[in-house]
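K.L.:
Protein sequences appear in the order of chains A and B. Residue numbers 17 to 123, in our numbering, belong to the letters of the first sequence in order. Residue numbers 216 to 328, in our numbering, belong to the letters of the second sequence in order.
For the record, the hints were derived by calculation from the structure and aren't laboratory data. Misleading hints may appear alongside valid ones.
Below are the DSS-like pairs computed for lysine-lysine, each with C-alpha atoms no more than 27 Å apart in a straight line [as the list claims (entries may be wrong)]:
(1) A:18 x A:110
(2) A:61 x B:229
(3) A:110 x B:272
(4) A:18 x A:61
(5) B:229 x A:58
(6) B:286 x A:61
(7) B:272 x A:18
(8) B:272 x A:58
(9) B:229 x A:18
(10) B:286 x B:272
(11) A:58 x B:224
(12) B:286 x B:229
(13) A:95 x A:61
(14) A:95 x A:18
(15) A:110 x B:229
(16) B:286 x A:58
(17) A:95 x A:58
(18) A:95 x B:224
(19) A:58 x A:18
(20) B:224 x B:272
(21) B:272 x B:229
(22) A:61 x A:110
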Amino acid sequence: RKEVEQDPGPFNVPEGATVAFNCTYSNSASQSFFWYRQDCRKEPKLLMSVYSSGNEDGRFTAQLNRASQYISLLIRDSKLSDSATYLCVGGDDKIIFGKGTRLHILP
Amino acid sequence: NAGVTQTPKFQVLKTGQSMTLQCAQDMNHNSMYWYRQDPGMGLRLIYYSASEGTTDKGEVPNGYNVSRLNKREFSLRLESAAPSQTSVYFCASRTGGAYNEQFFGPGTRLTVL
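Please model the entire structure based on the sequences and the hints provided.
P.N.:
Okay, structure coming up:
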């Protein structure tokens, strides 16, 4: 079983909609969690770190549920430019990526 | 400040050939990583170095070796390339500790014929 699991999608949602991704992790000792964004054939770039209390950055909200070992990402008022692959990441020294969830925002 | 640099950007090898992928960072980061990405597979960790002088296996270490040459440089070696190693290879670095993000290089696109 992969240490970080996420639904590969694709998610096809209309512009303006709200979309949510979940991701589960198996290492309960992991302290650091992140959401990265990856555009086609480019390197991943940090979208958000995920804090225990949850955090928000504009239209993006990340939550961590340690009891159930999952993290989530909510995107509100989605834009065409949000189309990308979203990667769930966890670990400490050993940083493991999920397979990524592809998101297509439809005009 | 160049961030994380990788060389080469593209490479074509024949089965059985060897090569070394180079990675360097100028952010004084302690930890460095090598990942491979195949279509539909996300990034898979090959090896990482939590600090200068240490290296550890990741999820898919077979067929690879690494060297943490100094704090700045972390190289990945394929001793005898196989077609299954055709992939995009990303190097990353981070300060270490909780909540500190990784910074990625632009990737090396490797094809093994």
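K.L.:
None of the hints should be skipped; say for each whether it holds.
P.N.:
Tested hints:
Using a Cα cut-off of 27 Å, the hinted pair residue 18 (chain A) and residue 110 (chain A) holds, with the two alpha carbons roughly 13 Å apart. A C-alpha spacing of about 32 Å is found between residue 61 (chain A) and residue 229 (chain B), which places the hinted pair above 27 Å, so the restraint is violated. Only pairs whose Cα atoms come within 27 Å are accepted, and residue 110 (chain A) paired with residue 272 (chain B) is accepted, the gap being roughly 9 Å. Between residue 18 (chain A) and residue 61 (chain A) the alpha-carbon distance is near 22 Å, which keeps this suggested pair within the 27 Å criterion.
Taking the CA atoms of residue 229 (chain B) and residue 58 (chain A), the gap is near 25 Å; set against the 27 Å cutoff, the hint holds. Of the supplied pair hints, the one linking residue 286 (chain B) and residue 61 (chain A) holds, its CA atoms being roughly 22 Å apart against a limit of 27 Å. With a C-alpha separation of about 15 Å, the suggested pairing of residue 272 (chain B) with residue 18 (chain A) holds against the 27 Å cut-off. At roughly 25 Å between alpha-carbon atoms, residue 272 (chain B) and residue 58 (chain A) fall within 27 Å of each other, so this suggested pair holds.
For the hint linking residue 229 (chain B) to residue 18 (chain A), the alpha-carbon distance of about 31 Å lies beyond 27 Å, and the restraint is violated. Annotation: proposed proximity of residue 286 (chain B) to residue 272 (chain B) holds, straight-line Cα distance about 18 Å (limit 27 Å). In summary, the hint linking residue 58 (chain A) to residue 224 (chain B) is supported, as the alpha carbons are separated by about 12 Å, within the 27 Å threshold. Pair hint residue 286 (chain B) plus residue 229 (chain B) does not hold up; C-alpha atoms about 32 Å apart against a cutoff of 27 Å.
This hinted pair checks out: residue 95 (chain A) and residue 61 (chain A) have alpha carbons roughly 18 Å apart, not beyond 27 Å. Note on residue 95 (chain A) and residue 18 (chain A): the hinted pairing is violated, with a Cα-Cα distance of about 31 Å set against a maximum of 27 Å. With a C-alpha separation of about 31 Å, the suggested pairing of residue 110 (chain A) with residue 229 (chain B) is violated against the 27 Å cut-off. For a cut-off of 27 Å, the pair hint linking residue 286 (chain B) to residue 58 (chain A) stands: about 25 Å separates their Cα positions.
At most 27 Å may separate the alpha-carbon atoms for a hinted pair to count; residue 95 (chain A) and residue 58 (chain A) meet this at roughly 20 Å. Among the hinted pairs, residue 95 (chain A) with residue 224 (chain B) is inconsistent with the structure: their alpha-carbon atoms are about 32 Å apart, more than 27 Å. Under the criterion of a C-alpha separation no larger than 27 Å, the hint pairing residue 58 (chain A) with residue 18 (chain A) is consistent with the structure, at around 23 Å. Our distance criterion of 27 Å between C-alpha atoms is met by residue 224 (chain B) and residue 272 (chain B), whose separation comes to about 24 Å.
A hinted pair counts as satisfied when its Cα atoms are at most 27 Å apart, and residue 272 (chain B) with residue 229 (chain B) qualifies at roughly 26 Å. The straight-line distance between the Cα atoms of residue 61 (chain A) and residue 110 (chain A) is roughly 18 Å, inside the 27 Å bound, and the hint therefore holds.
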